[in-house]
Every structure is written in C-alpha cells, then in structure tokens.
Amino acid sequence: MFNVYQNSYAIVIVFLLLGILLPIVALTAGKLLRPNRPSIAKQTTYESGIEPFHEANIRFHARYYVFALLFVIFDVETVFLYPWAVAYEELGLFALVEMLIFVVMLLIGLLYAWKKKVLKWL
Amino acid sequence: MEMLLSLPWGLMLPEFIIVGAAVLLSLLDLFDIGKRKLGLLAILAVLSSLVALIFLYNDPASDILYGTFVLDGFSKAFKSILLVGAALVLMLALSDYEKKMIEDRSEYFYLFLTALLGAMIMTSSNDLITLFVGLELLSLSSYILVGIRKTCTASNEAAMKYVINGGIATAITLFGMSYLYGLTGTTNATEMMAVLQGQTRGDVELLLSIAFLLTFVGLVFKLAAAPFHMWAPDVYEGAPTPVTAFLGTVSKLAGFVIMLRIFLLIFSGTPAGTTTVMDKMQIYIAVLAVASMVIGNVVALKQTNVKRMLAYSGIAHAGYLLVPFATLSVFTLDSMWFYMLAYLLMSIGAFAVLYAISRSGDDSVHAFSGLYRRSPLLAIAMTIFILSLAGIPGTAGFIGKVHIFLSALAGDASYYVLPAILMATTVISFAYYFRILQLMFFRASEEEVSAIPLNLKIVITVCAVFTIVCGILPAIGYDIFYENFPFMRDFFYIGQN
Amino acid sequence: MVQQLLETSPDWTTFFIFFGLATMLLLMVLGFVTYGILAERKVMGFMQGRIGPNQVGGRFGLLQTVADVLKLLIKEDTIPKAADKPLFILGPVIAFAPAFLVLAVIPFTDAFRFADIGVGLLYYIAVSGITTVGIVTGAWASNNKYSLLGGMRAAAQMISYEIPLVMSVIGIVLLTGSMNLLDIVYAQERVWYIFLQPVAFLVFFIAAVAELNRTPFDLPEAESELVSGYHTEYSGFRWAFFMLAEYVYFFAMTSLITVLFLGGWLPVPFLAFIPGAVWFALKFAVVMFILIWFRVTFPRLRADHLMEFGWKVLLPVALANIFVTALLKELFF
Amino acid sequence: MNDIPVAGYLVLAIILFCIGLYGALTKRNAVIVLICIELMMNAANLNLVAFSKLGLFPSLNGQVFSLFTITVAAAEAAVGLAILIALYRNRQTVNVDEMNTLKR
Amino acid sequence: MNAMLILFVFSPLLGLASLLVTKRTMLVGILGTLFPLVCALVIYQSYLLGTPFSSFSFHTNWFRFGNFEEETLFQVAFELGVNGFSFMMMFLTAVLALSAAFAGRNITKGARGFYALLFVLEIGMLGVFAAENLLLFFFFFELTLPAMFLLVGKWGRFGSEQASYSYLIYNGIGSAILLVVFVILFGKTGTTNYEGIMQALQSGQTIGHVSEELKMGLFIALFIAFGIKLPIFPLHRWMVRVHVQAPPAVVMLHAGVLLKIGAYGLVRFGLGLFPEQFDRLAFWIAIIGVVNVLYGALLALIQTNLRKVLAYSSISHMGIVLIGLAAMNEAGIKGAVFQVVSHGLIAALLFFLLGILEERFDTSDLAKLGGLAKSMPLFGGFLLAGGMASLGLPGMSGFISEFLAFLGLFQTMPIVAAIGALGIIVTAAYVLRAVLSITFGEGPNGRDLCVLEIVPAAALLVLIIAIGVVPELLGGPIGSVLQMVGR
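Listed in order, the protein sequences are those of chains A, B, C, D and E.
Numbering follows our numbering, in which position 75 of the first sequence is assigned residue number 75; successive positions increment by one, without gaps.
Positions in the second sequence are counted from 1; adding 1000 to them yields our numbering.
Positions in the third sequence are counted from 1; adding 2000 to them yields our numbering.
Positions in the fourth sequence are counted from 1; adding 3000 to them yields our numbering.
Positions in the fifth sequence are counted from 1; adding 4000 to them yields our numbering.
Be careful, since some hints might not be right.
Unchecked claim - In the EDC-like style, the derived pairs of lysine to aspartate or glutamate whose C-alpha atoms are separated by at most 20 Å in a straight line are:
{"no.": "1", "chain 1": "A", "residue 1": "120", "chain 2": "B", "residue 2": "1029"}
{"no.": "2", "chain 1": "C", "residue 1": "2329", "chain 2": "C", "residue 2": "2183"}
{"no.": "3", "chain 1": "A", "residue 1": "116", "chain 2": "C", "residue 2": "2308"}
{"no.": "4", "chain 1": "C", "residue 1": "2312", "chain 2": "A", "residue 2": "90"}
{"no.": "5", "chain 1": "A", "residue 1": "117", "chain 2": "B", "residue 2": "1107"}
Stated by the list, open to error - Pair by pair, the computed Cβ-Cβ distance ranges are:
{"no.": "6", "chain 1": "D", "residue 1": "3022", "chain 2": "C", "residue 2": "2133", "range": "21 to 27 Å"}
{"no.": "7", "chain 1": "E", "residue 1": "4212", "chain 2": "B", "residue 2": "1461", "range": "49 to 55 Å"}
{"no.": "8", "chain 1": "A", "residue 1": "3", "chain 2": "C", "residue 2": "2330", "range": "48 to 54 Å"}
{"no.": "9", "chain 1": "B", "residue 1": "1283", "chain 2": "A", "residue 2": "92", "range": "49 to 55 Å"}
{"no.": "10", "chain 1": "A", "residue 1": "87", "chain 2": "B", "residue 2": "1062", "range": "26 to 32 Å"}
{"no.": "11", "chain 1": "A", "residue 1": "92", "chain 2": "C", "residue 2": "2320", "range": "19 to 25 Å"}
{"no.": "12", "chain 1": "C", "residue 1": "2330", "chain 2": "D", "residue 2": "3019", "range": "43 to 49 Å"}
{"no.": "13", "chain 1": "E", "residue 1": "4368", "chain 2": "B", "residue 2": "1302", "range": "38 to 44 Å"}
{"no.": "14", "chain 1": "B", "residue 1": "1227", "chain 2": "E", "residue 2": "4157", "range": "42 to 48 Å"}
{"no.": "15", "chain 1": "E", "residue 1": "4026", "chain 2": "B", "residue 2": "1461", "range": "28 to 34 Å"}
{"no.": "16", "chain 1": "D", "residue 1": "3053", "chain 2": "C", "residue 2": "2133", "range": "43 to 49 Å"}
{"no.": "17", "chain 1": "C", "residue 1": "2320", "chain 2": "A", "residue 2": "115", "range": "18 to 24 Å"}
{"no.": "18", "chain 1": "A", "residue 1": "87", "chain 2": "C", "residue 2": "2009", "range": "28 to 34 Å"}
{"no.": "19", "chain 1": "B", "residue 1": "1066", "chain 2": "C", "residue 2": "2285", "range": "49 to 55 Å"}
Stated by the list, open to error - Partner residues aside, some chain C positions facing chain A, computed with beta carbon under 7 Å:
{"no.": "20", "residue": "2007"}
{"no.": "21", "residue": "2026"}
{"no.": "22", "residue": "2093"}
{"no.": "23", "residue": "2104"}
{"no.": "24", "residue": "2116"}
{"no.": "25", "residue": "2174"}
{"no.": "26", "residue": "2241"}
Worth flagging that the hints you see were computed from the coordinates, not collected in a lab.
Model, not experiment: these values are computed from the prediction.
Just so you know, even glycine gets a beta-carbon here, dropped at the ideal spot from N, CA and C.
Could you put the whole structure together from the sequences, leaning on the hints where they help?
As structure tokens, this is what we get:
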C-alpha cells in the first residue's frame, strides 16, 4: 500500500516534469524554426493602434480584492468540509449539526456581504 | 442525537449568548436598525452572559467537547472580569462622540463581541487548538477594530502595525505550541500535563524550555510587556478610544489569563532536573517584568499624548502583573485576579474620562488643563483613577499592589529585587500620573466641557465608585473570589475526578 | 498493468516506465487537442449552418489544426519592450504545467490510469487552481491594459467559480466517503451520480464551463472589449501554450465530469461486453459535445451577471445540496 | 523515502521559521512581511504534521491542529491585506518604514 | 467608648460633607476642624478621669489576603487605637488643623477645594497616629500625599509646582520603601497588627525566617523612609522647597504635624519593632542628628528670607529628635517626644505669623521688613515669643525638649552631645537675628492682628508655655511610650 502511495506521487512528479518540459522543448524548437526580426513597432505595447499612454500597471478596483477575500473564506471552508464529508459516515448527525452551524455562520457572512453590496460587480 | 443532547451545553451558555448576539447584531445591522439600539443589545448580551456565568458559579468544574472546553473556578473567575470589563467598554462606546471618526459604529459592536468571545474561549480552553482559535479570534477582531476608521491614516497605520506584530507573535506562539504537541502527542492541556509529569529525559527538557520560551514570547506580545511592547503605543494612539479601552483592558487581561493557565498547568508540574520547568523559566519572566516596569514607566514620563501615556502605563502594569507570576506563591492567582479587576476599573475609567473631554480628537495631555474648573466632578473622577493607577491607598489599585507585593515578598528573599523595582518604578510613575492632576487642578481652563452623555456618566461613575469601594472595602471583591472560586477545590479542572 | 507497477517498490525503472507512459498520455492529449479543436469547429459550423474547416487535409479538414500549429511554430515571437521578460516567458509555462498535472489522477479505465491518490479529487482542484496564477502572471508581465484587465477578470472569475465547483462535488464525496477518484467510480456501479446528484451535476457543469473560460463565460478574453484578454501581447508558440492549456483543461474537465457523474468507464447494464475504454470514450464524447453545444448556444454573459450568478446562485445552491445530501444520507442510507 | 528522521522535518521547519522571522523583521514591503508571517505559520504547520506522524507520541491531533492553523492563517492574511489596502488608499505606500505618522 | 476614636479620626468628614452644601467655606473650615478638637478634648477628658487610652481602641475585620484554613492568617483588621504619645500627636494635629483653618482665611481662589483637601489631610494625619496596624498606617500615611501635593501646588507661590513635585517624589520614595518594609513584615509574620508583629519578631515565631541581616536591612530601610519625612540631612531638599513655596496654612500643618510623622514612625516602628538594631546604630543616628542640628542652624543663619530661616530651623530641630532617640535612655526619648510636640506647636505659631506677614506685606524677605514692633505691637510680641520658644528659652516647651534630649545624649555619648550643643548657640543667633530684624529697625507699616488672628496665635502660645511650665501635661500621657520601648 505504501508503495502505491509513493509511486503515485512519483507519477505526479513525472507529470510535472513533462508539463514543464513540453513548453521548454517546444519553445526551443520553435526558436530554431521561427524568424526573429524585431522592430520598435513590433515591440510596442498593443493598444488598439494608438500610442500607449500611462503605465499599464494601474491599481485594480477594490472589488477584485473583495472577491479574493471571499474566495479565501469559502475556499478555506472547504478545508473543513472535505474531511467532514469523507468521514461523515462515522460521524453521523452530530457532525451534521455541527457542520450546519459552521456553514450557516459562513452563509451569514455571505449574506452580509450581499447586503452590504460587496457582491456587486460594476 | 443522544450525544448531542447529552453534552452539558449549559456550560457554554455565556459563550452561546455572545455568539448569538454577535450573529444577531450582524444580521440586524443589514436592516438599518439604529446603531444605538445595536449597542444596547450588545451590552444586554454581555450582561446576560455575565448573569448566566453567575448562575454557573456553583456548578462543579467540568468539561465539554472532549475536554477542550472547561468551566472551572479559574475560568469563571477570570471570565467574570472580562465580561465586566467588556460591558463597561461597550457602555463607553455607546456615545456618538466619534461619529465622524468611526463610520462603521455598528460593526464595532459585533466585532467587539467576537473579540470578547475569543477572550472568553481563551479563559476556558483546555486544549491548544481551542486556545489558538480563541486567541486568533480575539486578535483578528482587534486588528479590524483598530483599523475601523477606514479613512484615517493613523488608524490604518496602527492597524497595520498591530497586524504585523500580532501576526509575528501568533506565529511564534504557534511554533512553540507545535513543540509542545510534538513532545506530548496531545493538544489537551490536562493530558499534556500527565504526559510531561512522567518524563525525565534531558533532551526533552531542552525542547520544553524552547517551547516555553516561544509560547511565552508570543503571548507576551499580547500583553504588551517589554521588550515586545513596541506596537502598543502606536496602536493605542491610532485606534479610536473605545477600541483602545478594549485593547488596554480586556484584550490584555485575556493574554494574562491564558498564560496563567497553560503555564501553571503544563510547566509547573513538569520535572526538570530537581525543580520544574516553570521554576527554571521564572528568571525570564522576571526579566520581562522588570523590563516592562522600567521601560513602561520611564518612557511614559515624556509622553504628551494621553493615549500613549496610558499605553506605556499599561506596559508598566503588565510588568506589575508579571511580578506575582514570576514569583509564584500562594498569592499569585488571587493577587492577579484582584489587580486585574482594579486595573480594569481604573483603566476603563481613565479612558472614559479621556473620551469625554477629547471629543475634538485631541488626545494631548493638555486636554486635561483646568478640568477641575470646567467640570469638577469629572476632575475628581479622573483623580480617583489616577490615584488608583498610581497605587495610592483608598483605591483598588493600592490593595492590588499590596497583594502583588505580598505575593512577591512572602516568598524567598531572592525575589525581593522584583518588588523593589516595582516600588521604585511606581514612584517614577507618580511623576506622570500627577502631571495630569497638576494640569487638571493647577492650570487655567481652555474650553468648556459640553454635556457628558449618560452612558459615559454611567461608566465613569461605576468605575470611580468601584475603584473606591474596592480600595476601602476590598473584602467585597475578595469575597466574590474566595467564596465562589475556592482555590483548593476545582480551581483548575484536571479531568474527571 | 498500472496497478502492478504501482505496487512495486519505487525505483528508477518504474520511474522511467511511468515517464514513458506519461509521454504516451501527453501525445494522446496533444492528439486529442488537435482533433478536439477541429471537432469543435466542425460542430460549431454544423450548428451554425456552415461547413467549418474543409480545405486542409481533405473534405473534413483533417489537417487544419496541424497546419495551424505549424504556422504558430514558425511564427515570429515578439516580446514587447515594456514587458517584464522573465515573467512573460514564465506565464504560459505556469499556465500549462498544472493543466497536464491534473491528468495524473484521472482514471480513464480500469487499467489505463496513473496515480492512485487518496485525495485525488482535492488534488485535481488544488492543482487546477494554479493555472490562474499563470494567467495573471502572463497578464501582468505583458504590461498592457487589456491584458491586465483580462487577467484580473480571469482570476476573479476562476476563483469565484471555483467555490461552487468545489462545493458541488462534496455531495459526491459524502456519498462515496472517499476522495479517491477510483473509489468514486466504483461507487457508481449501481447508479451514476448524475441521477443521485442532479443538482450537483448542474452546478458542477456550469462552474466547469466557467472555469474553462469558455463561452458564455469567456469574459477574460472577450474580444469585443478586451481585444484578446490576458494573452493580447502573446504571439506564436507562447500564445499556443495558453490555448493548449485551455484545451488540455477541456480534456481533463470532460474526463472528470465523466468520472464523477457518469460512472467513468462503467458500462450501462446488459452492455458490459463492450470494453470500458469504449464506454469512457462514449461518455466523454457526449460530455464534450454538450460542452460545445453549450458554447454555441449561449451568448456571452455580462461581467456583473457572471460574478453575481456565481456567488448568489451557484454557491447557495451548492451548499444547500451538501446539506440535503447529508440529511438524505442520514435518513435513508 | 520512509527513512527521513523527524529531525529533518524539524530542521526544515526551523529554517523556514527563521527565514520568515528574519523577513518579517527586516523587510520594508508590508506584503512581503505578511508573506513572511505566513511562512512562519507554515513552519509551525510542518512541525505539527511531522510530529503527528513521527513525534514521540504520534497522534492525529497535530493534523487537525494544522487544519485550524491554515484556516486561521488565511483569515489573518485576509485581514492583514484588507488593512493594507485601506492604508494604501490613504497613504499610497505599502512600506513599513514609511508608516511613521504616529509619534515615536 | 469604642466609637469615640473612630469618630475622632473621621470627624473631618463632617466638614467635608458640609462643604458640599454651603458656600460659607471659611466658617465650615473652622467649625469642621473645631469638631475634631472637641473630640480630642472629650477623649482627653475621659483619660484624665481615669479611662486608659487602651479602652478607646476599635477593632473590626477588614479584609484578608489569601484563603487559608487558619482564620487569622493574612487577615487585615481595621484597628484603631491610641497610646499617650499618639494621642498627643492627634491632639496636636487637631489644634494645628484648627489654626490652619484660621490661617487659610486669606485664601481666596478655590477656598472650597482648599478646605476639602485640608479635611482630607487632617483625616490622613489623625489616622496615621491612630492606626494600630501597618497597612492602616500606610493607608492614612499615603492619604496625605495627594492632598499635600495639591495643596502645595495649587495654593502655593510662584514655584509651587516644582515644590509639590519635589514633595511627591521624595515622599513617594519614602513611602515606597516603607511599603516594602511593611509588606515584608506582613509576609513574614502573617499579620499587620503592630503588637502582633512585635511579638512575632521578639519570639521569633514567624511564618518565614527573619534573619538578623534582614532585620537590619528592614530597620535601615525604615530609617531612610522616615528620615525622608523627618527630614534628615541629605534628604531634606524637598522640605525646604515646600516650606518656601507652600501657603502658610499648609506649612503650619506640614511643619507641625507631617514632619512629625517621621519622628513618630521612628519611635513607633524603628524603636518599637527593632530596638536592638536601633541600639546598634545609635551612634550613627546621633551623628546624623548632630549634623542635622548644625547644618540646619548654620544655614538658617545665612538666610535672608524668613521662610527659609524657619525651614532650616525645622531641620535643625528635627535633628534634636534624632539626638534624643539615639540616646536610647529615658531622658533622651522623652526629650525627643517632647521636641516632636513642642516643635509642632512652635513651628505652627511661627508660620502662622509668617502668613500674616506675607498677607500684609507680600514678602517675607528679612531685608524688606522691620520695625514691626512699633506698627504691629501684638504681632511683634507673638513673634518674639515664638522666637524665644524656638531657641529654647526656659519656661517654654522648647527648652524642656532640648534639655532632655541633650541630657540623654550626654549620658551615653558626651562628645557627640557636646558638638551638638553648639547648635543651640547658633540657634539662638539665627532666631534673634531673624526676629529682631523684623521687629526692630526700619520698615513698612501694617495693620495689627485682628481677633481671628489673635485667637489661634494665642492658643498656640498658651500651649507652648503650658507645656513649658507644666511638662507633666505631656509627660504623663507619653509615659506609656517609654514603657513600650522598654526603657
């Protein structure tokens, strides 16, 4: 069983290696094949044909950030939901109620965000 | 289902009330209920939680949720203090003084409740996980509370500093806890104690010392004891006054409570050579106590901002409170309990007076100039708090200090240096405490004090009256402690007995 | 075969065998992508009443995609002056690698599968999230307003739909009691989860489409407003890798849906004589067809609708599904 | 792969912890500081998990603890970043050493 | 009779309460301080009728530290009681408080606050002498600290805030040391009761071990603590400042009573609890006393301001107390105790007169004053009488105390005593110089004393002379002190 465990992760490593190797190989191969004649016009940042103005690395609207926060909250929630779901059979109703309370708390958070117009994407 | 109902949920009733209130408040807030009503509800919740706790006073110590949460004499005693303090701070926050400053006042109330919940869980937690969660609940809520003035740079900065310092502290504590877990294989304090009492290996002792120091350092951040106090003055100054009052009292005391529990429970019984780990580590606590007392009091001398001054004074008081802890004796727990009570009353009182007079947002000491002329009663109340902070007889602060003294002096002569420094620094503290008296009584008045709202009046009166009452008839306070939380019985819950 | 390999003690030999197998899979996937794109174009053409590719490689344009790839390979690769070069180069790699990485846990058939990980489902979800980082990296490194906006949108959308996606499969985990994808497939011997968990399927399907950045959720590359979204500045093979990542994900997601809801390679009753691989291919094809169908049918959503739909509809529904499932399981199983 | 002693994990954790602490104390950029704090927490997590498998008294508690830690760390990072953003809006800086409006 | 003492100690509360309702602060001030005096007289009367002082003591449980099986352990009782010495001090306090209330009549701004603090101060002073246990002693002792701080700072002269800070810090240190000593005693014996501690220390039956070194340390600490209050030579700066800056009414109480708390404490705690240690250090204490006498006298000689003259004279006179105590025999201790009371009265009288002087001429500079015997004959007479009392003219209280103190010391350390006696000569010189330069020569004219000023001055003078002529008035009650000390 332990072998399976270790081999499985060896496979993951293999996949990772391949996933990185493919772009490297392909791009290196491409480099040999493709022409390379850079010019200033080509290397200008594309801005629908007009000269680029301002810095592009502008500040994002806070709503992106708020969504990121919400994501963190609910994603972490799953940290608890998954083990609970796996072990649900042994835990039974007690765990169901506990998890219900937990999730309701988070839902209140969602409701709160909703009501406070945080979920609005303008 | 049997299991669900068979657990003695009543033990957690005070916590449930707070949780319920926090949830209810955040929901109500969505429907434009008046903010004042929210505040009143919050106070009501805290008070009913206190009442629930008082009804639990006579219950024997017991645990719930597999020993992670206990309700013993210790937790009852300190939880009561936290709740009293919380009620006072909430009352203080009820007025609209800083309306322009705190735009999200309603959020203040439920964040406050969650922070309080964290503190309450900390007092009752008998398990590192519960403890950690409680600690973080308190910390995270306080971070936001400090930064609640979203548009105010000072508030933002204070919050950021608090997050960074607090985060580092949490991480250090956690690292220490991970060692504790590793050495015992359990996170439950009671089991941990049992495991550690049996151990005799030398290398374990070393790791235990490291664990102790790391955990200690992390928790000391919370107490704002020197040299881990850097954040306190800035945070106190930047935060709105009701938040500062919370941080300076409830939050700080919660740190002490948890330190007491885990260190007394885990380390004081662990053999290390001929003594216990706790004994060996006392020197570090003593050093910290000395550093806090000296730094707190000396640096406070040159502060011109009252909040910063109170912050440094709070650092010094943390040092005072560490003294009985460093010189463990039969008086340690009751002296700390009483001093906390006294500290709570006088600090919140002082913050309330400050809040009442500095509504323009000016926290400079000169806000106190000529207060006696402008509002004699306020000046007298402030005098009471100042005298109590300085430890002048007739106030609760004095009795507390004498008790701490007794705790330190009743023991071995090698500890005498601690109370000596305590006393010396107290004298230094006179200089800045009395400067406020000087300003209030000797200086000319600047501006009129407009009418003080009822809630502040209540807070100030309650604090002043009890500071005096506990100073003149301390038996009232002590009786509560000795009769309801008998030290010899049930004070620390140690498993089913 | 794989099972035996897995059970040997790990050494370099098995490692290289796996390497070989994985390369095979890679080639297979590349092949799939080549013809998947063609299929998509053909189906789209069919649905829109036109013919689709029909010039290169015969009547069915069988070599169309191959030609496209070759074109991209010899196309000049431009990196804008303003770009952050290392990150610009890194972006496509970060986007692509996890796409391939997730394939490691998907059991295609009883025999043709790779890693057997207890937390397979979690692994899939966790690793697939990394692609967002690649997209944002590329977008940010381009130093182009369209790119950045596209990248941010991609990130916002992907994280928003990740939540319902993750939540919806909890129902399945609940029923199976395991996160191992093999176990999940075996648990569907009697009845497919699509029948037990129809709500979860719907939520998962919608969220999956959004995760794939496909129409109607292709806001990050909405060409009418953002030129080309996060890969505006990319050209040549670098651009191809973003596309490749997208289609590998397409492959992976389709497989996952097949595994999770349609019983993987398990046959329909009485038709067990048909091998598992065929079943899998069949189901896979159906899912893929539906996905393409989806793309052709629906118009692109508005950005705010898209976000709000995820948070206000899918998430509560997914949560409700979890608890209904748990309750039903408590009562009836 | 099985024969990595617990000391290996502990040393790694200590190294991570120290890197985090060093970064948290010395870096100017508040985001990096927050990340360093995360690093410290994760070092503790590593300890917990290592101990839960290879400690003196192996038990599952450590893993449970680390789950809680992860959650809390996420919340802390979220709060920290939220405050940082508020600060950035008012001060246009994320550098810790420029946060000096409060008196020293 | 039990309640009598408690009534006495807290009687100023009545005045404090009435301040809240009436605007006639001056009247309340006088009546409010008169009331304690009446109480004192009543007690004294019943003493003369044969009731021993011990029957006035009052005991009740107060609170306790720690929860122990044994009921009495670490119990702090609220216990008041007097002996002859402390009662005389309380009597003195009551008298001086009344005179101070008279002297305070020229306070114009914030009179209500002034009298309120005066009452608080009086409670503190009375309580210090009546306290039967350490904690209660400290309680009252510290009560005087903020009261004095405010009194000096608010109603004092130009530099009064510095003076009040000086007062605060010095006395803060003093009381800090005192508290350490007290709590160590408490911790070692489990009781705060004075008798209890004395017994425990003598019998050696303490909870924790009390070594000889510790005892010596405690005694030295006590000596320093009370030495600051007294004040002894290097620790006297604050006292001069307060004397110079504070309003006369306050200085009356300060010089008259508060300094005496130092002496009282030395007798009660130093001598009472640690007689052996006191004996061992007697020589050095005598030296310090002599230094005090000479230093105070010499500096008084060169001062140009009456306030400073009086301030240094107080230092000098407190030296005599030390000399008397250091003798460790009946005459010496009796002399010291006499000196405590008598200097209280004399200093109060002189500062009362000084207050009048400042009110009339707004100065106390010797150079600017003169010839007052002509324009203010009554004033001149009182001043002269006070001066004479101060330099120890026979027939006045000062003579007896100085005589006894030196007599005592001559028996044990003749050489030291001889050097100290030089101080008496210098005293005569500076007192005459100061008094004569005010009463004779040229200077401004002023209104002579009015009735309200004559009454307290005369009363003080009468007491000074009465003690001088009939020393038994004082000697009778304080006989018990000598018993207490065991000599």
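How the hints compare with the structure:
{"no.": "1", "hint": "A:120 <-> B:1029", "in the structure": "19 Å, holds"}
{"no.": "2", "hint": "C:2329 <-> C:2183", "in the structure": "18 Å, holds"}
{"no.": "3", "hint": "A:116 <-> C:2308", "in the structure": "14 Å, holds"}
{"no.": "4", "hint": "C:2312 <-> A:90", "in the structure": "32 Å, violated"}
{"no.": "5", "hint": "A:117 <-> B:1107", "in the structure": "15 Å, holds"}
{"no.": "6", "hint": "D:3022 <-> C:2133: 21 to 27 Å", "in the structure": "25 Å, holds"}
{"no.": "7", "hint": "E:4212 <-> B:1461: 49 to 55 Å", "in the structure": "51 Å, holds"}
{"no.": "8", "hint": "A:3 <-> C:2330: 48 to 54 Å", "in the structure": "37 Å, violated"}
{"no.": "9", "hint": "B:1283 <-> A:92: 49 to 55 Å", "in the structure": "51 Å, holds"}
{"no.": "10", "hint": "A:87 <-> B:1062: 26 to 32 Å", "in the structure": "27 Å, holds"}
{"no.": "11", "hint": "A:92 <-> C:2320: 19 to 25 Å", "in the structure": "20 Å, holds"}
{"no.": "12", "hint": "C:2330 <-> D:3019: 43 to 49 Å", "in the structure": "47 Å, holds"}
{"no.": "13", "hint": "E:4368 <-> B:1302: 38 to 44 Å", "in the structure": "40 Å, holds"}
{"no.": "14", "hint": "B:1227 <-> E:4157: 42 to 48 Å", "in the structure": "44 Å, holds"}
{"no.": "15", "hint": "E:4026 <-> B:1461: 28 to 34 Å", "in the structure": "31 Å, holds"}
{"no.": "16", "hint": "D:3053 <-> C:2133: 43 to 49 Å", "in the structure": "29 Å, violated"}
{"no.": "17", "hint": "C:2320 <-> A:115: 18 to 24 Å", "in the structure": "19 Å, holds"}
{"no.": "18", "hint": "A:87 <-> C:2009: 28 to 34 Å", "in the structure": "30 Å, holds"}
{"no.": "19", "hint": "B:1066 <-> C:2285: 49 to 55 Å", "in the structure": "51 Å, holds"}
{"no.": "20", "hint": "2007", "in the structure": "5 Å, holds"}
{"no.": "21", "hint": "2026", "in the structure": "6 Å, holds"}
{"no.": "22", "hint": "2093", "in the structure": "5 Å, holds"}
{"no.": "23", "hint": "2104", "in the structure": "4 Å, holds"}
{"no.": "24", "hint": "2116", "in the structure": "5 Å, holds"}
{"no.": "25", "hint": "2174", "in the structure": "5 Å, holds"}
{"no.": "26", "hint": "2241", "in the structure": "5 Å, holds"}
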